[in-house]
Structure formats: C-alpha cells, structure tokens
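Q: Could you build the full structure based on these sequences and the hints that come with them?
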Amino acid sequence: MIWKIAQKEFLLNLMTFKFVVGTVVCIVLTSVFVPVLAKEYQQKLKAYNENVATNEGKLRQVVVYKDLAPTIYQPPALLSVFCEGLARHMGNSAKVDLSSVPEIDPAPANVNPFLCIFPTLDLSLVFKVVISLLALLVAYDAASGERERGTLKLTLSNPAARHEVLLGKLLAGLLTLVVPVTVTFLVALLILGLFPMIDLNASDWVRIGLLYVASLVFVAALYNIGLLFSCVVRSSAVSLVLGLFSWVLFVIVIPNGGVYLARRVHTLEPKQKMESQLAALREAEERERRELQKQLTPEGSAGWESDEGSPFGGWYPLLCTPSGAIYRQKQYALLNPLQIRYVDKYWEVRRTYLAALIRQGELVNNVSRVSPICLYGNVAAALAGTDRAGVESFLDGVRAYRERIIEYMRARTDNFSAPSYFTPSTPEERIEFEKCVQIEDREASHQRSQQLRNKVTSRIVPLELRDLPRFVGALGTAESLRRALPDLALLIVLNALFFALSFVAFLRYDVR
Amino acid sequence: MIGQIARKDILGNLVSLRFVLSLLLVIALAATSGFVFVDEYRLQTQDYRNQANEALAGFRERAGQLYQLAFYQHRIYQKPKPLTFFAEGFEQSLPNSCTFNAFTVRLPEAQHQRNFLLPALSNLDWVFLTGLILSFVALLLTYDCVCGEKEAGTLGLMLAGSIPRHKVLAAKYLGAMFTVGIPLLAGVLVSLIVVVASRDVVFGAGDWLKILILVVLSFLYLSVFVLLGILVSSRTAHSANAMVMLLLVWVGLVILIPSFGRVIAEITSAGSSPQECQRLLKDAYEQVNADYEAGKFGENAGARSPNIADCNPPARARYINAGTEAENRAIEDCYHQMLAQASAGRNVACLSPTAIYQRAAEAIAGTGLSHGVSLNSQIKRYQTELREYIRAQDREDPQSLHLLFDEENSTEEWNAISKKPADFAAVPKFQEQDLTLAESLRLAIWDIGLLVLFNVVAFAAAFASFLKYDVR
Numbered sequence: 000m001i002w003k004i005a006q007k008e009f010l011l012n013l014m015t016f017k018f019v020v021g022t023v024v025c026i027v028l029t030s031v032f033v034p035v036l037a038k039e040y041q042q043k044l045k046a047y048n049e050n051v052a053t054n055e056g057k058l059r060q061v062v063v064y065k066d067l068a069p070t071i072y073q074p075p076a077l078l079s080v081f082c083e084g085l086a087r088h089m090g091n092s093a094k095v096d097l098s099s100v101p102e103i104d105p106a107p108a109n110v111n112p113f114l115c116i117f118p119t120l121d122l123s124l125v126f127k128v129v130i131s132l133l134a135l136l137v138a139y140d141a142a143s144g145e146r147e148r149g150t151l152k153l154t155l156s157n158p159a160a161r162h163e164v165l166l167g168k169l170l171a172g173l174l175t176l177v178v179p180v181t182v183t184f185l186v187a188l189l190i191l192g193l194f195p196m197i198d199l200n201a202s203d204w205v206r207i208g209l210l211y212v213a214s215l216v217f218v219a220a221l222y223n224i225g226l227l228f229s230c231v232v233r234s235s236a237v238s239l240v241l242g243l244f245s246w247v248l249f250v251i252v253i254p255n256g257g258v259y260l261a262r263r264v265h266t267l268e269p270k271q272k273m274e275s276q277l278a279a280l281r282e283a284e285e286r287e288r289r290e291l292q293k294q295l296t297p298e299g300s301a302g303w304e305s306d307e308g309s310p311f312g313g314w315y316p317l318l319c320t321p322s323g324a325i326y327r328q329k330q331y332a333l334l335n336p337l338q339i340r341y342v343d344k345y346w347e348v349r350r351t352y353l354a355a356l357i358r359q360g361e362l363v364n365n366v367s368r369v370s371p372i373c374l375y376g377n378v379a380a381a382l383a384g385t386d387r388a389g390v391e392s393f394l395d396g397v398r399a400y401r402e403r404i405i406e407y408m409r410a411r412t413d414n415f416s417a418p419s420y421f422t423p424s425t426p427e428e429r430i431e432f433e434k435c436v437q438i439e440d441r442e443a444s445h446q447r448s449q450q451l452r453n454k455v456t457s458r459i460v461p462l463e464l465r466d467l468p469r470f471v472g473a474l475g476t477a478e479s480l481r482r483a484l485p486d487l488a489l490l491i492v493l494n495a496l497f498f499a500l501s502f503v504a505f506l507r508y509d510v511r
Numbered sequence: 000m001i002g003q004i005a006r007k008d009i010l011g012n013l014v015s016l017r018f019v020l021s022l023l024l025v026i027a028l029a030a031t032s033g034f035v036f037v038d039e040y041r042l043q044t045q046d047y048r049n050q051a052n053e054a055l056a057g058f059r060e061r062a063g064q065l066y067q068l069a070f071y072q073h074r075i076y077q078k079p080k081p082l083t084f085f086a087e088g089f090e091q092s093l094p095n096s097c098t099f100n101a102f103t104v105r106l107p108e109a110q111h112q113r114n115f116l117l118p119a120l121s122n123l124d125w126v127f128l129t130g131l132i133l134s135f136v137a138l139l140l141t142y143d144c145v146c147g148e149k150e151a152g153t154l155g156l157m158l159a160g161s162i163p164r165h166k167v168l169a170a171k172y173l174g175a176m177f178t179v180g181i182p183l184l185a186g187v188l189v190s191l192i193v194v195v196a197s198r199d200v201v202f203g204a205g206d207w208l209k210i211l212i213l214v215v216l217s218f219l220y221l222s223v224f225v226l227l228g229i230l231v232s233s234r235t236a237h238s239a240n241a242m243v244m245l246l247l248v249w250v251g252l253v254i255l256i257p258s259f260g261r262v263i264a265e266i267t268s269a270g271s272s273p274q275e276c277q278r279l280l281k282d283a284y285e286q287v288n289a290d291y292e293a294g295k296f297g298e299n300a301g302a303r304s305p306n307i308a309d310c311n312p313p314a315r316a317r318y319i320n321a322g323t324e325a326e327n328r329a330i331e332d333c334y335h336q337m338l339a340q341a342s343a344g345r346n347v348a349c350l351s352p353t354a355i356y357q358r359a360a361e362a363i364a365g366t367g368l369s370h371g372v373s374l375n376s377q378i379k380r381y382q383t384e385l386r387e388y389i390r391a392q393d394r395e396d397p398q399s400l401h402l403l404f405d406e407e408n409s410t411e412e413w414n415a416i417s418k419k420p421a422d423f424a425a426v427p428k429f430q431e432q433d434l435t436l437a438e439s440l441r442l443a444i445w446d447i448g449l450l451v452l453f454n455v456v457a458f459a460a461a462f463a464s465f466l467k468y469d470v471r
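The listed protein sequences derive, respectively, from chains A and B.
Be aware that the first sequence starts at 0, since it is given in numbering that gives the first Met the number 0, and climbs by one per residue.
Be aware that the second sequence starts at 0, since it is given in numbering that gives the first Met the number 0, and climbs by one per residue.
Keep in mind the hints are simulated off the structure, nothing from the lab.
For glycine and all other residues, C-beta sits at the position ideal for the given N, C-alpha and C.
Among chain B residues calculated to face chain A with C-beta under 7 Å, some are:
no.	residue
1	S92
2	A109
3	F115
4	L116
5	L117
6	L131
7	L247
8	G260
9	G344
Just a few of them, taken from the derived set where beta-carbon distance is under 10 Å, the chain A residues facing chain B:
no.	residue
10	L114
11	L132
12	G144
13	L241
14	R387
A: Here it is, written out as structure tokens:
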C-alpha cells in the first residue's frame with residue numbers, strides 16, 4: 000500500500016509545473032555555474048603549479064642554509080566548485096622561515112580586497128536556495144492539498160492506515176526530490192569531466208558521493224518541514240506561507256542572526272590588547288638581543304662584506320673577512336635560538352587571540368545549527384575541505400614542517416654556527432677578500448674585490464638538498480568525514496524529528 | 000473606482016496571515032537592526048576618535064622640526080557614518096584605512112576588529128531588509144492578485160461591470176504598494192526610534208533628507224517586485240504556478256545574479272591584488288634603477304653619506320623622487336585596477352534590481368566603495384596641500400637645500416628640508432569630509448534611472464499582459 004501511494008504521488012509530482020520548472024532551473028544554473036567555477040579552479044590550479052615550480056626553482060638556487068625559506072602552497076580544493084566555504088577569504092600559502100610561525104592570513108595578498116562585496120557563489124547555493132525551495136513547494140500541499148481536493152478522505156476511507164499514507168507521501172516526496180539532486184550532480188560531474196586539467200581521484204569520488212548523500216538528507220529535511228506544515232494546517236495557502244516564512248528564516252535570518260548573537264554573547268577582547276602584548280615581547284626580545292650583542296662586541300664586527308641577493312628575498316654575504324666570518328658564526332649561534340624562542344612566544348600570544356576567534360566561530364556554528372541550511376553548509380564545507388578546520392589542518396602541517404626544517408638547518412650547520420649557514424666562501428677566499436679590502440687605492444680595491452666576486456660566483460654551486468624534508472599535506476577523506484559527521488547526524492535527527500511531528504499531526508488530522 | 004478596488008485589496012491583505020507574519024518579521028528585524036547598529040556605531044565612533052587623537056598627537060610631536068612633518072606616517076581610518084544603519088555597504092569588510100606621508104599614499108588596508116573566521120554575513124541594514132525580505136513579501140502579496148481572483152471567480156465579475164482593465168491594474172498596483180509600504184514604513188520608524196532614542200547617533204538636516212530619499216528609493220525598488228508579481232500573476236491561470244515562477248524569479252534576481260558578479264569580474268577583467276601590486280612596484284623600481292645605471296639622474300646620484308661633500312644631493316633627490324613617482328604610479332594603477340574589477344562585477348550584477356538598489360543606497364548613504372574612493376581622493380588632495388605648505392615654509396629658511404624627497408636620514412643629515420620648528424596651528428590637518436547631498440545624488444543618478452527603467456518595463460509588460468488576460 001505504501002508503495003502504491005508513493006508511486007501515485009511520485010508520478011503526479013513529476014507532471015507538475017513546479018517540478019519541471021525546478022528541475023530545469025537546477026540544470027540551467029548548474030550548466031552556467033559549473034563551467035565558470037571550473038574555469039576559476041583551473042586558473043587557481045595553474046597558479047598553484049606555477050608557484051610550486053617557482054618555489055622548487057628557487058630551492059635549487061639556494062647556496063646558504065640561511066636562505067632556506069620556502070613557501071608552501073595549499074593546492075586548490077577541487078570540491079570548492081561544490082562548496083567554496085571560507086577558503087577564498089584565507090590565504091592559501093605559508094612561508095617557512097625562522098622569523099615567523101605560519102598562521103591564517105585574514106587578508107590574503109593574492110585576493111582583491113574589494114571583491115568582498117559579492118556573496119559566495121558555488122554549487123551548494125543551488126541546493127541551499129533552489130532545491131530547498133523546491134522541496135517546500137513539493138511538500139506544502141501533500142496533505143492539505145489532498146484534503147482541499149477531497150481525495151484524502153477517499154484514500155482514508157479505504158483500508159489504508161494513516162501511517163501508510165504518510166509514509167507513502169514521504170517516500171514519494173523523497174523520490175521526487177532525488178531527481179533534481181541527482182540530475183544536478185550528474186550535470187556538474189559531466190561538465191567537470193570536460194575540463195582537461197580537472198582530474199578526480201578516488202578520494203574526490205568518495206567525497207562527492209558523501210556530498211550527494213548529504214544533499215539528499217538535506218532536501219529530505221526541508222521536505223519534512225513542508226510536510227509538517229501541510230499536516231498541521233487545513234489550507235495549503237497557509238501551509239505555503241508558513242513554509243516560505245520558515246525558509247526565509249532558515250536561509251537568511253538564522254545564518255546572519257547567528258553571527259550577531261555570537262558577537263553579542265561572546266565579545267572579543269580588542270585586538271589592541273594582543274598588539275600591546277606583542278609590543279612588550281618585542282621590547283623584551285630587543286633587550287635580550289642587546290645583551291647578547293654585548294657578548295659579541297669584543298669579537299669586533301661583521302666588517303667588510305660583499306653581499307648577494309637570495310632567491311627567496313633578502314641577502315647573504317658572498318664574501319667576508321675571516322674575522323667577519325668568526326663574528327657572524329658567533330652572532331648566528333647566539334641570536335638565532337633567541338629569535339626562534341621569541342617567535343614561538345609571539346605565536347603563543349597570537350594563538351590565544353586566534354583561539355578566542357575560533358571559540359566565537361564555534362558559537363556561531365552552534366547557534367546556526369537550528370537551520371538545516373547551515374547544517375548542510377557545514378557538511379559541504381567539511382567534505383570539500385574548505386572549512387576553517389581544513390585551512391587550520393594545512394597550517395598545522397606547515398608548522399610541523401617548519402620545525403623539521405629548523406632541525407635540518409641545525410643539524411647541517413652545527414646549530415647555526417657553521418660558515419655554510421651564511422656564506423659560500425672558503426677560508427682561502429675570505430683571506431683573499433681581506434687583502435682586497437685592505438688595498439688603499441679605492442679603485443684598485445673595488446676592482447680586485449669584483450674579480451674575486453666573479454671568481455666565487457662562477458664556482459659556487461647550490462646546496463645539496465636531496466635530504467631536505469619535503470612537505471606532505473593531503474586532506475584525508477576520513478578526517479573530512481569525521482568533521483562532517485556531527486552536522487550530518489544532526490540533519491538526520493532533524494529529519495526524524497520533523498517526520499515524527501508530521502506523523503503525530505497527521506494521525507489527528509481532520510480530513511473533512 | 001480605483002480607490003474602491005485598492006481599498007478592497009488593502010483590507011484583504013491586511014487581514015491575511017502573510018501580511019501579519021511579514022509585519023512581525025520586519026518589525027522584529029528592524030528593531031534588532033537598530034539596537035545592533037547603535038552598539039556598533041558607539042564602539043566605532045569611540046575607536047575612530049581615539050585613533051584620530053592619537054594620530055594628531057603623533058603629528059603634533061613632529062612639528063618640532065619642519066622636515067619631520069613630511070615623513071610622518073599618517074594612518075587615516077574611515078569615519079563611521081550614521082547612515083550605515085540604512086546601507087552598511089560592506090564597510091566591515093572593505094579596506095578602511097590608509098597610510099601615507101607627504102610623498103606616498105599606500106594601498107588602503109582592511110584594519111577591522113571583526114572576526115575574519117566568521118562566515119561573510121549580510122549586514123542587518125535596511126538594504127538587506129528591503130532588498131531580500133520586503134521584496135519577498137512584495138511577491139508574496141501579489142502572486143495571486145490576478146490569477147487568485149480568477150480562480151475565486153471574482154475577477155470575471157469585476158470586469159463584467161464597466162471597469163476598464165487599466166483601472167483594475169492601477170488599483171491592484173496601488174493596493175499592493177500600500178500594503179508593502181506598511182511594513183517598510185513601520186520598520187523604518189521602529190529602527191529610527193531605536194537609533195535616535197539612543198542619543199549616540201545624531202542625524203543632521205542633510206542626513207534626514209538622505210533618509211527620506213532612501214525611503215523613496217526603497218519604494219521604487221519594491222515597486223519593481225510588485226509589478227513583477229502582477230505581471231506573472233496575469234500570465235498564469237493558477238496561483239500555485241504563479242508562486243513557483245515568482246519564487247524562481249526572486250531567487251534569480253535577489254540571490255543568484257548578485258553572486259554571479261564576482262566570478263564574472265574575476266574571469267573577464269584583469270584585476271589586481273596587493274601581491275600584484277608588489278610585482279608592479281618591483282618592476283617600477285627596476286626601471287628606475289636602470290635609469291640610474293644609465294646616469295639619467297646625474298653623477299653620484301646613488302651616493303648616500305652623512306658627509307655632503309661625498310654626495311650630490313640634487314641628483315640624489317631626482318633619483319629618489321623618480322622612485323617615489325614610479326611607486327605612486329604603480330600603487331595608483333593597482334588601486335584603480337582592483338576598484339575597476341569590483342565595479343565590473345557590480346555592473347554585471349546590475350542585471351538584478353537588488354544590486355542596483357544596493358549600489359544606489361550606498362551612494363546616497365555615503366558608504367561602501369564610494370566612501371573609500373572619496374576618502375582616497377581627499378587624502379591625495381591633503382597630501383598635495385601638506386607638501387605645498389612644507390615647500391612654502393622651507394623657502395623661508397636660507398640654510399635649507401630646498402630639496403623635497405622621500406629619504407628621511409639624508410634629508411636630516413644634509414638639511415635638505417628646513418629643521419626649523421613649524422607652527423602646528425598653521426599646519427594643514429586631515430579631516431574627512433562627508434559627501435554632500437548633491438554629490439551623493441550624482442553618484443546614484445544612473446542607478447535611480449535604472450530602477451525607474453525597470454519599473455517602466457515591468458509596468459508595460461504587466462499592462463500588456465493584463466489587457467490580454469483571459470478572465471474565464
């Protein structure tokens with residue numbers, strides 16, 4: 000009986016204007032959005048590949064360990080076509096060097112800051128807005144419409160239990176909505192397949208599969224909300240109005256209201272407090288640096304140096320005097336550990352501030368979880384790897400990588416004290432350089448130094464970095480699923496809750 | 000007759016559930032918006048005052064020696080505007096501060112206190128309420144104004160009398176506008192009461208006039224959706240179908256098309272970014288260095304030493320000024336490219352009346368992109384004024400070399416600019432000026448024209464459609 004009712008309702012739904020228009024709109028929007036988003040992804044992928052190649056090229060040119068400051072790039076998330084999340088608003092690269100700990104960049108330098116006036120565009124917008132509306136439009140007259148037409152009492156006058164009728168309607172509604180959801184996914188995947196640079200691996204397919212399941216659960220939740228209204232009120236016009244207003248609440252009011260509420264409940268400390276803590280630490284570092292510098296003063300100074308630009312920016316002394324080399328060795332051995340220690344302290348201060356931001360973000364998430372649209376957004380972002388946790392996971396990896404690079408440099412340069420840390424010149428070349436700078440005739444001194452520079456430049460080779468630790472950061476599918484699971488479970492609970500309420504309401508529904 | 004039909008429609012709408020729910024929702028959101036705005040405005044104004052006082056104090060300290068005024072790094076923040084409660088214009092996300100000295104104006108930066116980890120939200124301003132909620136309500140009130148009457152059988156009866164169709168249409172339009180105007184005006188009134196009662200926000204005469212214009216603009220915007228509702232209602236025989244069509248039209252116009260603007264802008268126009276700006280700067284410096292290597296600036300232009308006899312200050316000044324000009328050109332190009340990209344996206348989004356309404360409201364309220372552009376121009380004018388003042392004061396010192404260039408240590412060592420103290424009272428100080436009403440209207444005139452055009456087209460289509468509507 001359930002199946003018969005479902006079949007009848009399903010076939011009726013397929014022939015309605017709203018279903019046809021809704022499905023066609025989904026197909027049209029997907030056909031328009033996905034090529035644009037896929038092209039954008041291709042551009043990002045191209046930029047990523049170029050950046051990685053440039054970075055590798057620079058690594059191959061590094062001649063001193065001091066200049067090892069690679070930039071790690073996060074590959075663009077293919078599934079950002081489905082859900083952009085927060086990825087656009089945060090940086091996608093992090094520099095690895097002694098002077099800073101990588102952290103989230105709130106104002107990525109490669110993004111035009113004036114484009115924040117535009118809302119996010121991705122495929123999940125089609126689900127959150129169009130298909131959710133379609134679900135409500137399919138459900139709003141499921142019971143009340145039949146009652147108005149008089150067919151509901153006819154159905155129930157047969158030996159069809161009310162729960163069978165309701166289950167049949169639920170099944171029919173879900174089958175109806177499976178069509179536009181499936182068609183949207185198929186069209187999107189078809190279009191993505193046409194792009195040569197887009198290559199879906201096994202992990203991507205698993206995520207897409209999970210996203211498909213999440214989308215079905217989401218539209219089922221919206222259908223159940225519409226069904227609930229239909230089972231509670233007698234007029235389908237009223238049911239429609241209630242459904243639409245709840246839609247406005249879920250799509251517009253609750254997501255934005257959640258942010259306002261969280262900002263009121265969990266106010267952040269002013270940024271100036273963090274700035275003043277950092278300023279105090281900088282002063283403390285400067286004091287300690289000056290104290291350590293006093294220990295170096297008896298050694299003289301760096302003296303004459305002939306500098307060369309580094310591939311990663313900055314400079315290094317191509318040539319220096321023997322005494323200058325000794326000075327620099329002691330300087331780096333003393334000051335680098337100090338710098339690393341204070342950079343960690345700066346990071347601790349920033350991390351405390353960031354933790355407060357994250358707590359506020361969590362509160363927003365918790366408040367917004369009242370809305371199935373927000374739940375779906377969280378699931379989609381987690382599966383696409385474009386949520387905040389995805390960015391944090393990448394940066395955690397880069398921070399760990401930075402520690403490995405520092406240990407590598409320590410090991411190769413005897414805790415930053417070896418000359419190879421800062422200069423490629425040999426002891427003999429440094430002695431010769433000293434003789435050059437001691438020549439009284441400035442012109443001749445400059446000429447001799449230049450000749451020596453050319454000789455050293457032609458002989459130096461880049462560092463042997465075959466054993467340099469390499470960054471490996473891939474977003475695990477299991478990790479993504481773990482992050483998506485709570486919101487997906489809540490969506491399923493909402494489904495059960497709304498259906499249970501519809502069930503109770505329908506059992507008492509006056510069909511006359 | 001028009002009045003009678005309109006009155007009937009109005010009364011019918013007023014007792015409907017959809018109107019009651021709309022009114023409650025709008026008033027609740029308007030009140031919330033008012034309270035939230037007052038809180039935030041108070042904090043922003045306090046921060047702005049503190050920052051401005053700090054900047055002034057720092058500038059005053061520099062007045063001890065004239066040359067130091069040229070090198071003082073001003074950091075100017077955008078002044079909080081009282082009309083952000085009507086059109087916030089993304090001011091909490093857009094670049095809001097600019098650093099400059101007498102020589103260079105840097106790219107504007109976003110220096111906000113907001114939590115960047117939160118999802119980018121639509122601010123609860125009146126543009127949001129009108130643009131999204133009230134436009135939705137307008138469609139909800141009009142989707143069955145024609146086809147619903149046809150289904151009920153009353154349309155045929157009405158037209159069986161000697162009532163011309165255009166009068167019926169006009170009456171329906173007026174009835175719907177009156178109905179949708181009630182929550183609009185009620186909401187505006189509620190939020191104005193909340194804002195004014197707080198005493199933290201003071202509106203001048205110009206602001207009240209702008210508020211009036213913004214309310215009229217809101218009516219113009221909602222009129223588009225009322226006419227769209229009447230158009231679709233008079234194209235379909237069933238109200239359910241009309242509702243579906245209108246919902247899809249609303250989703251397309253209000254949500255999808257504005258979202259599309261950014262992607263189109265990124266793909267079709269060569270935009271820029273701070274990173275791209277760095278690349279342009281690097282190229283600019285390389286060009287200047289190449290000119291230096293070619294001896295374009297004179298002998299010893301690269302020499303810099305405390306001993307003036309070892310250097311050639313005029314040549315050095317030419318070299319540094321060339322670098323500064325190249326830097327300023329690169330920053331200016333970058334800034335205009337970034338703005339142009341955003342504007343291009345906005346122009347595409349203006350296929351939607353919602354985007355047009357937003358842009359026009361921001362222009363009148365003096366917020367959004369136009370606020371930043373205005374601030375940038377004012378900073379450049381001030382910079383020129385400051386440089387002229389320093390030049391004029393410097394001329395009076397015979398011991399100065401009268402060379403204005405952006406290298407502080409050389410300027411100090413060579414006495415390139417006078418070291419005499421400056422009269423701080425006479426030093427020009429930066430004060431952000433609000434756009435006048437005429438300037439705001441000038442910025443918004445095209446958008447107002449576009450909204451009028453939308454109205455005319457929608458009305459013509461609704462009129463033509465209703466004239467041919469089969470009422471049986």
